[in-house]
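Got chain G sorted already, so can you dock chains A, H, Z and E with the ligands onto it with the hints?
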Amino acid sequence: MERTATPVIELRNVSKYFGSVIALEDISMDVRAGEVMCLLGDNGAGKSTLIKIVSGVHPPDRGSLLVEGEEVSFSSPRDAMDRGIATVYQDLAMIPLMGISRNFFLGREPTKGAGPFRRFDVKLADRITREELDKIGIQVRDTAQPVATLSGGERQSVAIARAVYFGAKVLILDEPTSALGVKQAAIVLRYIARAREQGIAVVFISHNVHHAYAIGDRFTILNHGRSMGTFEKEEIGLQELERLMAGGAELERLEAELSGSGE
Amino acid sequence: MERTATPVIELRNVSKYFGSVIALEDISMDVRAGEVMCLLGDNGAGKSTLIKIVSGVHPPDRGSLLVEGEEVSFSSPRDAMDRGIATVYQDLAMIPLMGISRNFFLGREPTKGAGPFRRFDVKLADRITREELDKIGIQVRDTAQPVATLSGGERQSVAIARAVYFGAKVLILDEPTSALGVKQAAIVLRYIARAREQGIAVVFISHNVHHAYAIGDRFTILNHGRSMGTFEKEEIGLQELERLMAGGAELERLEAELSGSGE
Amino acid sequence: MTQATVGERIREVGFLRRQLTRPELAAIAGAILVFAFFAITAGDQGFLTFGGTISYLQVAAQLGIVAVPVAMLMIAGEFDLSVGSMVGAAGIIIAITVTQYGWPLFAGVLLACAVALLVGFFNGYLVIKTGLPSFIVTLAMLFALRGLTIGFSRLITGRTQIGGLSEATQGDVLFPIFAGEVAGIPVSVFWWIGLAVLGTWVLQRTAFGNWIFGSGGDPVAARNVGVPVNRVKIILFMCTALSAALLATIQVMDAGSADVLRGELLELQAIAASVIGGVLLTGGYGSVVGAVFGALIFGMVQQGIFFTGVNTDWFLVFVGVMLLVAVLFNNVIRNRASKG
Amino acid sequence: MTQATVGERIREVGFLRRQLTRPELAAIAGAILVFAFFAITAGDQGFLTFGGTISYLQVAAQLGIVAVPVAMLMIAGEFDLSVGSMVGAAGIIIAITVTQYGWPLFAGVLLACAVALLVGFFNGYLVIKTGLPSFIVTLAMLFALRGLTIGFSRLITGRTQIGGLSEATQGDVLFPIFAGEVAGIPVSVFWWIGLAVLGTWVLQRTAFGNWIFGSGGDPVAARNVGVPVNRVKIILFMCTALSAALLATIQVMDAGSADVLRGELLELQAIAASVIGGVLLTGGYGSVVGAVFGALIFGMVQQGIFFTGVNTDWFLVFVGVMLLVAVLFNNVIRNRASKG
Amino acid sequence: GCGQQGGQQEGEGEQGGGGGLVPREEINIEFVTHASPDPFWSVVQNGVNQAAEDMGVNVNYRELDSYDIPQLQRNLEAAIAADPDGMVVSIPDPDALNDKIREATENGIPVVVINAGENDWRDVGALTYVGQTEYDAGVAAGERMAQEGVRSALCINHEQGNITLDMRCEGFEKGLGGQVKQIAVQPDPTAARNGIKTALRQNPDVEGLLTLNPGIADQALRALEESGRSEDVTFATFDLSPSVLRAVSRGEMLFATDQQQWLQGYLPIVLLTNYIQYGVRPVNTEIPTGPAFITEENAEQVIDLSRQGIR
Ligand SMILES: Nc1ncnc2c1ncn2[C@@H]1O[C@H](COP(=O)(O)OP(=O)(O)OP(=O)(O)O)[C@@H](O)[C@H]1O
Ligand SMILES: Nc1ncnc2c1ncn2[C@@H]1O[C@H](COP(=O)(O)OP(=O)(O)OP(=O)(O)O)[C@@H](O)[C@H]1O
Ligand SMILES: [Mg+2]
Ligand SMILES: [Mg+2]
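Quick note, the sequences are listed as chains G, A, H, Z and E, same order. Take the first sequence: its position 104, counting from 1, is numbered 104 in my numbering, and each next residue is one higher. One rule links them: number in my numbering = place in the second sequence (from 1) + 1000. One rule links them: number in my numbering = place in the third sequence (from 1) + 2000. One rule links them: number in my numbering = place in the fourth sequence (from 1) + 3000. One rule links them: number in my numbering = place in the fifth sequence (from 1) + 4000.
One or more hints might be untrue.
Under the rule of at most 30 Å between Cα atoms (straight-line distance), these lysine-lysine pairs were calculated in the DSS-like manner [stated by the list, open to error]: (1) G/K233 / A/K1135; (2) G/K183 / A/K1183; (3) G/K123 / G/K169; (4) A/K1135 / A/K1169; (5) G/K233 / G/K183; (6) G/K183 / A/K1233; (7) A/K1135 / A/K1183; (8) A/K1112 / A/K1183; (9) G/K123 / G/K135.
Chain E is faced by these chain Z residues, among others (derived, beta-carbon under 7 Å) [stated by the list, open to error]: (10) T3053; (11) S3055; (12) Q3062; (13) G3158; (14) R3159; (15) G3163; (16) P3176; (17) A3255; (18) Q3303; (19) F3306; (20) G3309; (21) F3315.
In case anyone wonders, no lab produced these hints; they're calculated from the structure. Keep in mind that this is a model prediction, so the values were computed, not measured. Built from N, CA and C at the ideal position, the CB exists for glycine as well.
For reference, chain G alone in the conformation it holds in the complex:
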């Protein structure tokens, strides 16, 4: 597990507004190679907005974004991808009416042939898609099946498999396990662990404290668009993390009510 000095991704005093809504205010954060940074926070805290800034979907309204120490301003997600940043969006970024393998390779199609005869290598795409989905525990019957007809978990798996396959330097996962079954979720966590070992920087968003605590090296907690600080795993316990995420004592009362409730 290597850790370099300059962070792969760094955000400095970033703010983002949607009309009158303050989605993010003055956020600073960094992620280094070979570490998993967990972004935690309540619903609507601004997590998805934050990672959309990193992956080039939204430009920040204020503040700066640095990749490998160099200030960048992405004009499109393509720019971010070209710098090795792969993202699983919470709303998945898939084309409902397109087939699975076409979706898998959308924007990065493998080609064969040369010159004017360069063409989309459909066979290769189908094979890779099938293999990668197999690895994550999803068997597809037909790689041309429209994504719209997949189950929620199957769709999420395709998005994850795609990001992992293409993720070069940074892997960003926005609630990747939310719709997954126990087995698939475990596989995804293992993916993340493996990516970290390979020196990839991972940003991981989850509402599942157990998932997050199991895999995270550092934790940045957002609350209503503002950062509540970043904590090393050593600094903080599971209980403490949970309280920070849920934002208070109210939760404990609730949990008590539900007799025997786990988690």
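Okay, now just chains A, H, Z and E with the ligands, sitting in the frame of chain G:
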């Protein structure tokens, strides 16, 4: 906690095919008033398809559906709603460009005035929406904000609040907590418990064994479109349930790999 | 953690700016721009006179009468390309029944309305039952209806233009309702305003209006929460056809004649007016007020050129450029308003 | 738990049935139905002869040449209403440069193509930059381009119809390429087939084709995964305009004349052919082959009535009804195939 | 009755025009007809432009995109609102238009009717009528063709529903005194040519063919050629173009009707200018511009004029 003899909902030998795909094969299941039936199973097992049959979205290709002992065939979701069945769909069934409160009441608008002057009571709708979302822990700034601009969890909360508000006899929840923060998830579980107390039959789908075990009375497990049986809570332990859900030993191996992983 | 938190995340945004993000207000801005343009370039050549105003208002009104229900149908996610042909058909029905068969005017109008409702129902029913895109169903209806109009008109009268209704209409009690004037303003303008108000009320203030938005925004989701999507769409198809019959009645009374080509390309203009007014082609979003101002922009541009004295050869260039400028202006306004 | 499990959940579905669920094959079924209708009702009146076949193939080809790129643009989620005007404009450019300024034919054609590419680029650029719906941008272009054509044609020649190109064109080396015949079949048919093959190849077999589907299916998602959506759309707008210039060249050479009104309503027909062929109006789905057969249905229906000997007063009824029947038949086939 | 009306007109004319004090460059004339951008009206428009130049007056020439009577009504209203010194109008639909035109004359605007409205110009109080009705032109064409012994013919209508084209066909039938079948074709050249070809095959007995526009005539000529009927079918067209004239001069066509519509554009401007300036006008008469035919004998002479858009 009352339990009646005739189930509120009963499925008898139901099958459903999509083209060449067997989504469900020969499923039987029943839910009684005042109980929480958990539907468990891997991704793509057929859970969502099953509840779509109950809520009138798909007609079954074979088998029959009974509501309060009477055989029915819903020609539209409206029919199911008229029989007191409220559903939170996994893909949420919301109109992205419509405002929150208009979405909340879509199809069941409160009206005021009479005759040709009967009109949508927008004020009332706004007030109720705000209240119900407040209860679930979501503060909305503007009830006319388009749903598309809500965060994933906020959107899910709106769908849940809506179903709970309108749920008369049967409440069906398809992975309602998947995008929710710890606090909101706990609130939803408490909702379910309260609904059960009021004698409502609840069908609850989750991949989170802890959530399911905490709240479920009975568990029906689907695997590749086929039922693996229904178990009473007393019959089965958490561990056993987890193994059934994940479908084998592979999971344990995986979990061992991820040191200290919870869940 | 309640109201305070909400407040915490809201920035101050000016009232004007907030208002301008509403789709219809941008269309109004476009209309004002076009008006200002003509007022400056052609103000001294009659554009600002009462007669000049009436001349473009009437064009806008006739388009607007159809554009209001067309916009609502588009918000519900469907097209009706057959409205133009329906205008022609309804006009010929009235003219033939009155002049050839000696029916009283009101009976002819009633028959035209009945046929329109039937055609609208048929359109809607076919779209719903077959799941075919309404574009293609109503395109077929566009051809078929125009063809029936030409065929029957030639069969019965041997011609494609039927005149001689002036005597039958001008004394009729219906005349002031459809073709009269109030204080020099043609009643079609009032019909337009009336329909706009009614449409806005239905869309914004009734449950049915909510269903319209739902049906267009995501028909599957809307159906899943219990909206009778099919019923909504069929009713709206009937409304568009009925509005075409209304326009035909107005035109027949106003002109005292009918011809089989009346209403040609009206369907496109109505759709264009709606889109100019901010209605989404894909459905689920828009407003009646927007369509009304879209029609007004269309009317002003079309008639305004008259007063500028520009060579008629360049008329269409002018229409195209003005249209684009008006819509671009809408857009600038909207973006300015919604941005930081 | 791998292949076995997959097999477990698949039912047997016949080969034919599986093939028929493909969108283009349903359109083929519609074309066959229309063909069968005419073969039965007018087979002994020349419909089945070589000459009869050419007469509808040529009409279908001219529509199809434009319908192919229009279908691709629609799959990418945009409309181009300006193709019809572009045909008129390109025709007049060729005619004026050749007859008035004595340019060689190839230079006129090149200029027309250059202008078309410029117009296409402008359309695309405007749609992308402003975020306005392409419907309204290209509608404005429809007016503006037609207006410029009328204006310049009258300014330079004082007429709206320019003839006398036959002498200039018939000896030219370009003539056999655009207006010649091969074994009695007009070359426009080969252009049509060539473009269809090219379009299908691009759409189905290249990365660019995948981007087209993505751009139309969900532009935001496509952009998020790195598809250069803007570039895709601008290129396609340029293709539709270029195809219009190609059609204009063919028509000018074939007819020996140009007219400012050429291509009127072509945009609607091209869109209709695409929709008949299964292209979704909302984008993201469809095929070139479908559009090709949509054009064929249109051509057969339009020319077929002359063979049946039906009074042409009923021409449009005929077009409407046949269109509807063909599309309904598509639909029945499709539903049968995809059901149980 | 006519004389009386004429007298009234003169009275009004005195207020509106007279005096000879209006400088020509201040005269504004609105030219509002059912014209569309087709070859026929192009020539009219050229006549208008020439007259405007010769007279030194301003003319606003207005046309329609397609045959649309309500739009024409609006255009008339707009023209009246612009308060011009004179107007030129056509009356293709008297019921719809007479009231509006009367409104103009009653407001003291001198009006000249052209092209359509032969029976209505007095009624609306216009100064005069210049032109020939489409119906009469059709009758003349029919009679001319009947002289060649044609008993049955096809009339090719390229814009179904446009009343002026209907009138041409109707008149043609009357003049021919035989059987005339209307065939509706698309305005698109290829579709029109192939449609005409098929129609010729379907009607093997027809002896005559009439087209209503020179563009369609070009295609009909090829259709005749390609179906080998050039010899036995007598072919003629409405309106001129260089290629039509060439065909006429080669004897491939019997004739092309020439309504001399240049005059329908030119004369009204001259008449109005003189009336506005000096109050002088032709009294109680109409000015027919047709029928005139271009045949093999005189075709060559007009080709150049046609190329310039004068014939
Ligand atoms: N386009 C937009 N317009 C207006 N408000 C927006 C927009 N996008 C997001 N927001 C608002 O910004 C806030 C942050 O949203 P974001 O999606 O980043 O939350 P999140 O932390 O990802 O929540 P969740 O855990 O529920 O996914 C939310 O309150 C949301 O309503
Ligand atoms: N419309 C459809 N056409 C074809 N296949 C479909 C369709 N809908 C669902 N399926 C298939 O049926 C199977 C069951 O889907 P379903 O959505 O019921 O799964 P699920 O149990 O809800 O899974 P998840 O936990 O991932 O949500 C899946 O394999 C899916 O691909
Ligand atoms: Mg989020
Ligand atoms: Mg599911």
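Consistency of the hints with the structure:
1. G/K233 / A/K1135: 33 Å, violated
2. G/K183 / A/K1183: 25 Å, holds
3. G/K123 / G/K169: With Cα atoms ~27 Å apart, G/K123 and G/K169 stay inside 30 Å; holds.
4. A/K1135 / A/K1169: 21 Å, holds
5. G/K233 / G/K183: 25 Å, holds
6. G/K183 / A/K1233: Holds - the C-alpha atoms of A/K1233 and G/K183 are around 22 Å apart, at most 30 Å.
7. A/K1135 / A/K1183: 12 Å, holds
8. A/K1112 / A/K1183: Between A/K1112 and A/K1183 the Cα gap is close to 36 Å, so the pair fails against 30 Å, i.e. violated.
9. G/K123 / G/K135: Judged against 30 Å, a Cα distance of about 18 Å means the pair holds.
10. T3053: The hint is violated - Z/T3053 has no Cβ within 7 Å of chain E, the shortest such distance being about 11 Å.
11. S3055: Since the shortest Cβ distance to chain E is 4 Å, the answer is holds.
12. Q3062: Holds, because the Cβ-Cβ distance from Z/Q3062 to chain E comes to roughly 6 Å (cut-off 7 Å).
13. G3158: 4 Å, holds
14. R3159: Since chain E brings a Cβ to about 5 Å from Z/R3159, closer than 7 Å, the hint holds.
15. G3163: 4 Å, holds
16. P3176: 17 Å, violated
17. A3255: OK, holds: Z/A3255 within 7 Å of chain E, min 4 Å.
18. Q3303: Constraint on Z/Q3303 satisfied, holds at 6 Å.
19. F3306: The hint holds - Z/F3306 has a Cβ within 7 Å of chain E, the shortest such distance being about 4 Å.
20. G3309: 5 Å, holds
21. F3315: Nearest chain E Cβ about 5 Å off; hint holds.
In summary, the structure is inconsistent with hints 1, 8, 10, 16 from the numbered list given earlier, while agreeing with the others.
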